[in-house]
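Peer 1: Below are the chains, spelled out letter by letter.
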Amino acid sequence: MIFDLTASVINGVLVGAIYGLAAIGLTLIFGVMNVINLMHGATIALGMFSLYLLTTAVGLNPYLAIVPVLLGGFVFGVLVYWIAVHRVIGSSDLMTLLATFAVNMIIIGVGTAVWTTSPYNVDVSVPQLAISMHGYTIPGTQIVAAVLAVILATLLYGLLYHTRLGKAIRAVANNRAAAELMGINTRWVLAISFGIGIAVAAGAGVLIATLFPFTILSGANYELKSFVVVVLGGLGDPAGAMLGGIVLGLIEGVTAPFVNVSWTPVIEFTLFVIILVLFPAGLLAFKWGRK
Amino acid sequence: MGSQVILKRPTFWIILLATLAFALVPALTGNLELRENLLLGAVYIILASNLNLMIGYTAYVNFGNIAFFGLGGYIGLYVVNVLGWSLWPACLIAGVVVSLLAFILGTGILRLRGAYFALATIGVNEAVKAFVTNFEPFGGASGMYLSFSSFNALGGARHALWLAYFAIVVLMGLSLWLSLAIKNSRFGLGLFAIREDEDAAMVLGVRTPRYKSLVYAISAFIPAVAGTLFFFKNGVILPDQAFDLTLSIEAIVMLMLGGQGTVIGVALGAFAYEQLRGFLLVSSTFSQFQLVVAGVLLLLIVLFLPEGFMGWVYRHLPRLRRVIE
Amino acid sequence: MYKMFAGVLLALGVILPGMALAQKTITIGFTTSETGKLNADAAPQLRGFELWRDQVNADGGIKAGGTQYKVALKHYDDQSSAGRVQQLYTRLILQDNADFLFSPYSSGLTSTAAVVSEQFGKIMITTGAAEGKTYKLGNRYLFQMYTPADEYLTSALQAIKSKDPNAKIALVYSNDGFSKGAADGAAKAAKSMGLNVVLTESYAPNTTDFGPVINKIVSSGANVLIGGGHYADGSTLARQLYDKKSNLEFISLLVAPDIPKFASLGKAARGVTVPSQWEPTVAYKPDFGPTPEQFREMFQKKYNTLPGYHAAGGYAAGLVLQHAIEQAGSIKTPAVAKALNAMDATTAYGHIKFADGKQDHGLQVGHDMVLAQWQKGDDGKLHSKVVWPKSAANAKLVFPLTTYHQ
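Protein chains in written order, with this note's numbering: chain W, 1 to 291; chain B, 1001 to 1325; chain L, 2001 to 2406.
Simulated from the structure, these hints should not be mistaken for laboratory data.
Check the hints yourself; a few may be wrong.
16 Å max Cα-Cα, derived EDC-like pairs, lysine to aspartate or glutamate [what the hints assert, rightly or not]:
no., chain 1, residue 1, chain 2, residue 2
1, L, K2302, L, E2118
2, L, K2267, W, D123
3, L, K2133, L, D2184
4, L, K2261, W, E180
5, L, K2070, L, D2059
6, L, K2381, W, D93
7, L, K2024, L, D2059
8, L, K2136, L, D2164
9, L, K2353, L, D2378
Residues from chain W shown here face chain L by an in silico Cβ test under 7 Å; the list is partial [said to hold, decoys possible]:
no., residue
10, T6
11, S8
12, V114
13, W115
14, S118
15, P119
16, N121
17, G135
18, H162
19, N221
20, E252
21, S262
Source: prediction; values computed, not measured.
Glycine included, every Cβ here is placed at the ideal spot set by N, Cα and C.
Please work from the sequences and hints to get the whole structure.
Peer 2: Given below as structure tokens:
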């Protein structure tokens, strides 16, 4: 029992770190421009398929593939921002939701035509890092993916909190009109933030794809999980997202020994609604007092 | 609003005529294919116009509206299939139970605003879906299958399907009438005040929490009844079919297309969307890319015609604002 | 002389059918999932239908009575969702004048379509729809090609019993209609065979992280796993069972390991078994239609990939309908239905017989499933081999597996 729980906790933290990274992309975009990005899941799926293409067609090392995917994701995000999002920024919530949902439909539509909805697998293994104890095994791929997720998140915090660009992004998130008055080109800051959000989501897609087989529709599931994560961590708060992800991973792992796992989504989403209603600023903000 | 006043409104007569046309044209011509097309159109109009009460009138974006439809279907089919009652009380029970649940839920989640509320409704839909998938009295993951003999109580399958169709058309008419009646009532004015500025509305004496819960519950009633009828006609209900988040979002697309906050516009939007998707689906050129085409169209509307079709009409023919609401 | 004679015969052969037999077309309507989550399963089924159509038409069509019928397929995309299925089937029947129907892929969509097909009294050959419930609602014109879901895992249990009667079985399945039907059937069968099920666990169909489930499997001490669900979750489960060294000696998963792409899991695919409606290597002696080997070659020639059982089921649905029409000598529904009810024959796809009772009409009762296992061949690549029942096997079951150990 005790080993069972330990294994579940470790698994939860490792998977949770990746949930956290995926959610950072979502919450950054929401925090900066108040847009719920409904193409989040499709972006994660694009990241997964980019990994597939880069490893099979180009023969790149799967972990190195993150670099081009981040860059490509950024460019793609900026493009999508100028084409589909910029015109509706500042209008109602509904408009931005629909604009990103429309892009989502297009991506899924093209993806289905190209790859069908059958699963793809990228064969990665790092057996020398695997940890075994009493019959339970933590695969090396999971450890590498979690570590990379944390590194990426840390780099992103560095960017947000220790660079001029990061300062500008935070200023725009805080008060767009004031930032404009201070001479910040808010249009570009918004575009860049959107690009970063998309890049991070695609990067998370790469990490997930090193662990599990995936289809073009897999992103939808991570999009829902990202919603839960950002609510746990505080909507619009990239720092909380990583912790929120780990909390979600732990919930999934720790409840499993006690109930049938098909009940996990019931627990997850009920908790999600309750937390949202009781602590809209996020569970972590509740713990440490209002910021 | 008094009944005489509503009779003077052209929109009322438009609704009546449209409802009659939906009911009579397929019935008189006996054209079953037309009936199936119109049925889906009517269901979409029901979903979109009830959702419009939340989104268009109150500016609360509800992604979970399909949960009302699905849950209504489940409760109704449970009453018919397991309890063995007839279809009509089942419809009523489904509507009342779902409305009550919505009211209770609403008092909680309607404290949230904007994106927070939208997210909460996604959570509600997923939680309900996951719950029903595990809930054995509703058949769990296997769903509920209606025996072909269930139709016998209503005079055989052919007859029963016509009855279900007429009932759905009536619900469509009722939905539109409800939209019109609320729009022209004190209650409606309260909702519009919430839409424009909730805090100001509260200061002015609108009891916003009660208004919001009430409109949330009202917007659940007809979709729940329609869910019972739709899945009765469908013959089977499965969690995936009943709580399809995509359909929720599609309903939002429909009301945007027609013009949120309008009565006739939303109905036109729903009908046009249904026809468009139906066309793309059966057209050999587009069927591979129907999702892409629909996505591009939606994007174009959002970017260039955000006020929807009716908004565009009002801009060019302002007088119509009083005639077609 | 002979050559001339042959030439005349050939010319007659080309002209005569057109003259002696009236040429007509029958239309077979169905929806298929060109988009959405069922697309991967539905696509090969559609290929099966199309291969059959092309062959029938190349041979001049279906002969019934004095008429030769060319086959036309009419199909629409149902988007993997039941929302439009009834609308589209009504359209197929009324606007496209479909004479016969095939089912959509999946049990849920099929039972939705069945309401319409029954209402209009059209024959619908169902394939890719294993769940048995649909056939127990009092239908008259449904005919099921697949062995029903609750028998899916029986062959796996028989194999387990013969290799390790004391096996500790974990029954882990996706919480959807089909997989639950299969798992419930397996639980009953295991009980009656005296097998020991130590863990019964269902997971949400869109699960991706199986870590918590696998921890439970390890905790239960199970050495055998049966269950699974569809493509995405099944291949994800298999990969993680391998990555997490779950110590299993036998794994049987529904559906997922049946597609050739499953081999892309590499080491994780090796040794996994799948209950299969049909495998390219089976050795059935057909009463009509091609042999399994001929079918495999034709399919491979046309589509450049091996047929799985979804493709074979689609092809056989056409074949069975064709045979029934020829037997009936008519395309009238009552006559063809009578011929289908009486059918008791073997095809490339296996034995076909439909239940004829009032309570279970159309349920497939003749067809047997086989168990296939991914094994490493002499070429170093993975191949799917039939390992059970022994009469149909072309390879020995590898048991116990050792690759899943630490």
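Peer 1: Would you settle whether the hint for W115/W is holds or violated, based on the nearest Cβ-Cβ distance to chain L being less than 7 Å?
Peer 2: violated (10 Å)
Peer 1: Taking the least C-beta to C-beta distance, is S262/W closer than 7 Å to chain L?
Peer 2: holds (4 Å)
Peer 1: Against the 16 Å threshold, does the CA-CA distance of K2267/L and D123/W hold or violate the hint?
Peer 2: With Cα atoms ~9 Å apart, K2267/L and D123/W stay inside 16 Å; holds.
Peer 1: Is the straight-line distance between the alpha-carbon of K2133/L and that of D2184/L 16 Å or less?
Peer 2: holds (13 Å)
Peer 1: Quick check on the hint: N221/W CB to chain L CB, less than 7 Å?
Peer 2: OK, holds: N221/W within 7 Å of chain L, min 5 Å.
Peer 1: Does P119/W pass the interface hint, meaning its C-beta sits closer than 7 Å to a C-beta of chain L?
Peer 2: Check passed: Cβ of P119/W comes within 5 Å of chain L, closer than 7 Å.
Peer 1: V114/W was flagged as interface toward chain L. Is the shortest Cβ-Cβ separation under 7 Å?
Peer 2: At about 12 Å, which exceeds the 7 Å cut-off, the nearest Cβ of chain L leaves the hint on V114/W violated.
Peer 1: Would you settle whether the hint for G135/W is holds or violated, based on the nearest Cβ-Cβ distance to chain L being less than 7 Å?
Peer 2: holds (5 Å)
Peer 1: Quickly compare the C-alpha distance for K2024/L and D2059/L to 16 Å and report which way the hint goes.
Peer 2: Within the cut-off at roughly 14 Å; holds.
Peer 1: For K2136/L and D2164/L, compute the direct alpha-carbon distance and say whether it is at most 16 Å.
Peer 2: Violated. K2136/L to D2164/L sits at ~36 Å, over the 16 Å cutoff.
Peer 1: Measuring from the C-beta of S118/W to each C-beta in chain L, is the shortest one below 7 Å?
Peer 2: Holds. Min distance 3 Å.
Peer 1: Does the closest beta carbon of chain L sit nearer than 7 Å to the beta carbon of E252/W?
Peer 2: holds (6 Å)
The structure fails hints 1, 4, 6, 8, 9, 10, 12, 13, 18 (numbered hints given earlier, in ascending order).
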